Amino acid sequence: MTATRFLPRERLQTLFERIGDLGYRCMGPQVRDGAIVYDDLSDAAALPVGIGAHQAPGRYRLEHYAHARCFAWANGPQALKPLLFAPEETLWRVTRDAAGRLAFAAAAPPSQRRAVIGVRACDLAALALQDAHFAGDHADPGYVSRRRDLLLVGVDCGHPADTCFCASTGDGPAVSNGADLALTELDAGFLVRAGSAAGRALCDALPLRAPSDAELHLGAAEIEHARQSQRRSLPARNLRDALFANLDHPQWDDVAARCLACGNCVAVCPTCFCSTEREQPAIDGREAARVRLWDSCFSAEHSYVHGRLLRPDTRTRYRQWLTHKLGGWHDQYGRSGCVGCGRCIAWCPTGIDITREATAICTADQPEGEA
Amino acid sequence: MTTPPKAPLPPADGRRRPRLAVHKLSSCDGCQLALLNAGESLLALAERCDIVHFAEAGILDLDAEADIALVEGSVSTPEERERIQAIRSRSRWVVPMGACATAGGPQALRNLADAEVWIGSVYPEPQHIQALPTADAVAAHVDVELSLPGCPVSTQQVLDALATLLAGASPFAEQDKVCMECKRRGQVCVLVTRDAPCLGPVTVTGCGALCPGLGRACYGCYGPAENPEVPTLAQRFADLGLAPDAVARRFMFQQSGAEPFQQAAQDWRRRAPDGAPGNAGSAEQGHD
Ligand code: SF4
Ligand code: SF4
Ligand code: SF4
Ligand code: SF4
Chain A
10 MTATRFLPRE RLQTLFERIG DLGYRCMGPQ VRDGAIVYDD LSDAAALPVG IGAHQAPGRY
70 RLEHYAHARC FAWANGPQAL KPLLFAPEET LWRVTRDAAG RLAFAAAAPP SQRRAVIGVR
130 ACDLAALALQ DAHFAGDHAD PGYVSRRRDL LLVGVDCGHP ADTCFCASTG DGPAVSNGAD
190 LALTELDAGF LVRAGSAAGR ALCDALPLRA PSDAELHLGA AEIEHARQSQ RRSLPARNLR
250 DALFANLDHP QWDDVAARCL ACGNCVAVCP TCFCSTEREQ PAIDGREAAR VRLWDSCFSA
310 EHSYVHGRLL RPDTRTRYRQ WLTHKLGGWH DQYGRSGCVG CGRCIAWCPT GIDITREATA
370 ICTADQPEGE A
Chain U
4 MTTPPKAPLP PADGRRRPRL AVHKLSSCDG CQLALLNAGE SLLALAERCD IVHFAEAGIL
64 DLDAEADIAL VEGSVSTPEE RERIQAIRSR SRWVVPMGAC ATAGGPQALR NLADAEVWIG
124 SVYPEPQHIQ ALPTADAVAA HVDVELSLPG CPVSTQQVLD ALATLLAGAS PFAEQDKVCM
184 ECKRRGQVCV LVTRDAPCLG PVTVTGCGAL CPGLGRACYG CYGPAENPEV PTLAQRFADL
244 GLAPDAVARR FMFQQSGAEP FQQAAQDWRR RAPDGAPGNA GSAEQGHD
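So the protein sequences, as listed, match chains A and U.
Reading the first sequence from the start, the letters are residues 10 to 380 in my numbering.
Reading the second sequence from the start, the letters are residues 4 to 291 in my numbering.
Take the hints with a grain of salt, since some may be wrong.
[Stated by the list, open to error] Chain U side only, calculated, beta carbon under 8 Å to chain A, not exhaustive:
1. 47
2. 59
3. 171
4. 173
5. 191
6. 194
7. 256
[Stated by the list, open to error] Calculated Cβ distances over 12 Å to all of chain A for the following chain U residues:
8. 36
9. 41
10. 58
11. 86
12. 112
13. 121
14. 124
15. 163
16. 238
17. 246
18. 273
No lab work stands behind these hints, which were simulated from the structure alone.
None of these values were measured; they are calculated from a predicted model.
Yeah, the Cβ is synthetic: ideal placement off N, Cα and C, and Gly gets one too.
For reference, chain A alone in the conformation it holds in the complex (with noise of 0.2 Å):
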């Protein structure tokens, strides 16, 4: 990162403008159905000024406030994961022609010039893991399409929700990387910083200004708040060993009694990555359509090999989700699969807590004196 500069509140516009300038389409974060969500934006008066989320366990509401900041809110329900890995797309297509022989032709690659303005840390993190299983050695096409045009803006998280603890697996609150341009949100406007050389030409284009000693202070306090005022957490260490050592714990029967199993928590981790595909074949007979859809290993088709279910039940279900991603993700990628956002806590239409069960199941195994 370069050194940080300041951006004047009501000069915000310019950003979209210049962003704009450059040929991408700009998506930003607001408000719709009771929730901020992103999509497209161009207007920085869209943005959700004066709004703040309050989260819980299976509770997510809007709160209005009087103060004039617009990204005093911790995540909603998505950001960067349906952009990238699309939650519906056409693979390929197959068509007859009169005499029965059959054309397979791959869906293009969708091409499109994005911009994100105010992404957090948590969903960059992701992001690095989504980037590792998408654009990997067998990289997605539409994936890397996507994600070689999208310029981003993050925005350091001034104001977690209760749900949150990005603090305790590293990855926020602040925007340390994986962002072209990152801001901190004060009253009077936005510390810039670039991380990248598409950041910097457009912080060159903005109207900055040298912060002053007392704002670059206040930016600095006001996350250090955000990270002290965190109180869920995870263990800090790899539980890859102790979830896999306690596979008949009883709290997975206690958490079966309280799960859906209706994936509504993989559906909004940014980090999930599973999917199906379908046939939608034409009532003409002459053409078929390949669709890949979000998938989860909350549904019986995850399990399903050779007639038969490997997990037919919820607690198997909610073992696989937990051990795969706090578990088995250390061994695919290198890392845990949890960005500490919080999502599937508020999200769970029961409100199960990820760091409650986690905790409970891996707590017992952990020798004395390991903090």
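On the provided structure of chain A, position chain U with the ligands as indicated by the hints.
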């Protein structure tokens, strides 16, 4: 519950086109309309098979033999009890479509009551009413090859099943819960943001998560999904402040005849102060 398909329909023997019949038992015709509304696709369908009976479309031959028999409606009268046997014997694939045919439909509410008492209290001359004591799913009377739930079924769902069958493959039986569809569509959860008693977590999708997309709690039209944790969800509704009779009523819409929903309705009616639904509040609490 979606039924896993049995064997694919073998291709018609080549000398004739496959025959499709659309039958009706006790129902509102909404599912037939869903198919009739297919527009151009209906013409494409008619090019690939002979539609031998489809009352809503004006094609009448009740006794025609068929390769595929879509059946709308529940078995609610002695005459229908006979007719479903006849349909079975003349059809290679029997495919109940809609909540009535797959679970009894709204009329299955009488299964939770004494139907004779109801008939006596509604009709001045009840002796003219010929009704079975229960309204049953088609599968309670005959074997079926595939079920297409919904109230009504969606046009696409029926067309997909027919297109797959006509291609000689096993139709896909949807098993995902409405929540998955709701999240894929980027909809904001009404249960979490507004405490609305949404049945999405226990209901099989097929509707495109229509109601949550319009800010309403899911009514469970498509019926229980696989592994439906109905008691857990019912308890959650109670924890969110729904009175026991209101919890019971959430499971007494089009799918009260589906076993897990019926069980929840009975369990929560028993917990209501006077043991039966009173008029304390709407079953649709949680909406502004
Ligand atoms: S497991 Fe939960 S808290 Fe962790 S990244 Fe996924 S949604 Fe966020
Ligand atoms: S936790 Fe479940 S849905 Fe998520 S990536 Fe792992 S197996 Fe897939
Ligand atoms: S933990 Fe919660 S969100 Fe996840 S499947 Fe269970 S009930 Fe649904
Ligand atoms: S609104 Fe209903 S269907 Fe949608 S996620 Fe919430 S509980 Fe599930």
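Evaluated hints:
1. 47: holds (4 Å)
2. 59: Hint on residue 59 of chain U: violated, closest Cβ of chain A at ~18 Å, above 8 Å.
3. 171: With a closest approach of 10 Å, the residue 171 of chain U hint is violated.
4. 173: violated (11 Å)
5. 191: holds (4 Å)
6. 194: OK, holds: residue 194 of chain U within 8 Å of chain A, min 5 Å.
7. 256: violated (19 Å)
8. 36: holds (17 Å)
9. 41: violated (8 Å)
10. 58: holds (21 Å)
11. 86: At about 28 Å from chain A, residue 86 of chain U clears the 12 Å cut-off, so the statement holds.
12. 112: It holds; residue 112 of chain U is separated from chain A by about 25 Å at its closest Cβ, greater than 12 Å.
13. 121: holds (34 Å)
14. 124: holds (39 Å)
15. 163: Nearest chain A Cβ is 6 Å from residue 163 of chain U, so the label is violated.
16. 238: violated (9 Å)
17. 246: Answer for residue 246 of chain U: holds, closest chain A Cβ roughly 19 Å.
18. 273: Non-interface label on residue 273 of chain U holds, nearest chain A Cβ at 20 Å vs cutoff 12 Å.
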